[in-house]
Structure formats: structure tokens, C-alpha cells
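Enquirer: Just need the whole structure built from these sequences, with the hints factored in.
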Amino acid sequence: MSCNLRCKYCQNWQISQASLEEVSYYQLSPEEVVELALKERAKSVSFTYTEPTAFYEYVYDIAKLARARGLKTSIISNGFINPEPLRELLTVLDAVKIDLKGFSDEFYHQVSSAELEPVLTSLKIVREEGVHLEIVNLVVPTLNDDPEMIRAMCQWIKANLGNDVPLHFTRFFPNYRLTHLPPTPMTTLEMARRIAQEEGLKYVYIGNVPGHAADNTYCPRCGQVLIRRLHMAILENNVVDGKCRFCGERIPGIWE
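Per our numbering, residue 38 is the first one in the sequence shown, and the count goes up by one each step.
Honestly, the hints are just simulated from the structure, not real lab data.
One thing to keep in mind: the hints can contain errors.
Claimed, not checked - Mimicking DSS-like on lysine-lysine, the simulated pairs with C-alpha atoms at most 27 Å apart in a straight line are:
hint	residue 1	residue 2
1	Lys161	Lys76
2	Lys45	Lys109
3	Lys239	Lys45
4	Lys134	Lys280
5	Lys109	Lys134
Unchecked claim - Distance ranges between label pairs, derived from CB positions:
hint	residue 1	residue 2	range
6	Glu58	Ala189	25 to 31 Å
7	Gly167	Gly285	19 to 25 Å
8	Asn197	His146	20 to 26 Å
9	Arg106	Arg231	41 to 47 Å
10	Asp98	Gln192	35 to 41 Å
11	Trp50	Arg282	39 to 45 Å
12	Met223	Gly285	44 to 50 Å
13	Asn200	Gln51	32 to 38 Å
14	Ala189	Glu227	30 to 36 Å
Note that the structure is predicted; figures quoted are calculated from it, not measured.
Even glycine gets a Cβ: it sits at the ideal position worked out from N, Cα and C.
Expert: And the structure:
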């Protein structure tokens, strides 16, 4: 539980902004977590919904044990962490998804009481260390949906991280301290995706919209559907040995 940021639009505020006295929780040792994952025949252990770096040592210990037992490991993080502990944590992770909330210090100050630069540094470090990286951007009406901000963000991603880093534009729903704002219009999400594709990014998604065609993965070479999804379910998988089964294009990801 807990988080090192205080985002006004947090979609998980009931747990991320709560104290231990306000929520129900389980007490599990790192060993118990890994044993439970193996018992349930899970293939991976992921840390998400609250900020994993807020309980850094616990995450590190679990991830280290999990990998030793053959499980994959991943975190979903706001990326607001110092370089040294991040590099150490990456030694026990297979994948990282970082929430790039916007692309200006003004936005970060206004909404999260944070700064942009540390997050950009984290993104570059994850890429440098060779850990699979994906980016999510929650598009909030009137706050970070400016087309020029989105374009600048996409240009930075391509220039600093490459054009094959998956980027997820996700739909905002009124929550926490921003209940007065409407849900993100579909036209805005589709505009953001179009801008990212215009800037040369290969894998651009629309999230929090179950059934939308942009929730699927498409081959950047032949255009065939590689992974067809419905929310969290995979309906079709045409990636074979990390390649498109139709044209052989190598697809970034963890396919073991």
C-alpha cells in the first residue's frame, strides 16, 4: 500500500492513499508470496495498483526469490525513484511499465506534486539496462490532453527510448479529487494514438476501453493482428518464438 506521489486523479486512491488502519490486508512473507504463486501455477509475479517502490525491500526480496524459482517478475511504477536503487531493482525484474503522467513540470507539480525529469531519467535507465519497458499515459481531459504536449512526449520517447517501446493511452474516469471532470472522450484517445503513430511509434494502444481495436497488438510490418485482447483476456496469440507468425517480424516482449 501507499505511494510516494499524491495524484489528484488517482484511479486506485482507496488503497494507494490509505493507511494500514483503513484497508484490509494480508501478512505474507516473501517466501509465502512465491509459494502461493507457484501453487496457483502463475507464470509471473507483478507489483501494481499501489507504488512498488514505496515498499522497495519487500518487492526486491520477492522478485529475487521468484526469479530463482523460475517465475517472471514485473512492476508498474510511477518511475519516481533514484537511479541507484532503480538499477539494483532492475537486476531482479523482467519487465517494467512506467506511468508517464504528462510531459511538463507544470503538469506534474499541479497534479502529482512531483517533477518530470526524475521519471524521464528512470525511463532511460530501464531501457539502458535492457529490461522490457512499456509506458502508460492516463489522458485526463483539460490537463494533459493537449495535442502538442502529446506530440512532444512521443518525439522524446522515440528519440531517447526507440520507436518500439509500447505506449498505452488509457482512459480517465472521474475519481478521487477530480470527480468534476468527464471521462476521456474516445476521440481524444484516438487523437493521441494517431499522433504517436505519426511520430513513428510502432506499438500504440488505447486502454481502459474493453473491446476497442487499439487494445490489440498489430505487426508493424504486415499489419496482421498478433494479439487479440478483451480487457485482460487474450483471445488470440499469433506471436511464435517472439516473431509474427505471418511475416517473421521480431516483436519486442517476453514470450517464454
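Enquirer: Range first: 39 to 45 Å. Now tell me if the beta carbons of Trp50 and Arg282 are that far apart.
Expert: holds, 42 Å
Enquirer: Asp98 and Gln192, beta-carbon distance inside 35 to 41 Å?
Expert: holds, 39 Å
Enquirer: Given the hinted pair Lys134 and Lys280, is their Cα-Cα distance within 27 Å?
Expert: holds, 22 Å
Enquirer: Taken at face value, is the distance from the CA of Lys45 to the CA of Lys239 at most 27 Å?
Expert: violated, 31 Å
Enquirer: Hey, Lys109 versus Lys134, does the alpha-carbon distance stay inside 27 Å?
Expert: holds, 14 Å
Enquirer: Tell me if the beta carbons of Met223 and Gly285 are separated by a distance inside 44 to 50 Å.
Expert: violated, 34 Å
Enquirer: Kindly confirm whether 30 to 36 Å is satisfied by the beta carbon distance between Ala189 and Glu227.
Expert: Once the Cβ atoms are compared, 19 Å apart, the range 30 to 36 Å for Glu227 and Ala189 is violated.
Enquirer: Range first: 32 to 38 Å. Now tell me if the beta carbons of Asn200 and Gln51 are that far apart.
Expert: The hinted range 32 to 38 Å holds for Asn200 and Gln51, with Cβ atoms some 37 Å apart.
Enquirer: Given a hint of 41 to 47 Å, does the C-beta separation of Arg106 and Arg231 actually sit inside it?
Expert: holds, 43 Å
Enquirer: Has the given pair, Lys161 with Lys76, been kept, meaning a C-alpha gap of at most 27 Å?
Expert: violated, 36 Å
Enquirer: Hinted pair, alpha-carbon criterion (27 Å max): Lys45, Lys109. Please report holds or violated.
Expert: Measuring from Cα to Cα gives roughly 32 Å; hence the hint is violated.
Enquirer: I want to verify a distance hint. Is the separation of the beta carbons of Gly167 and Gly285 within 19 to 25 Å?
Expert: Holds: the Cβ-Cβ distance is about 23 Å, inside 19 to 25 Å.
Checked against the numbered hints above, the structure breaks hints 1, 2, 3, 6, 12, 14 and satisfies the rest.
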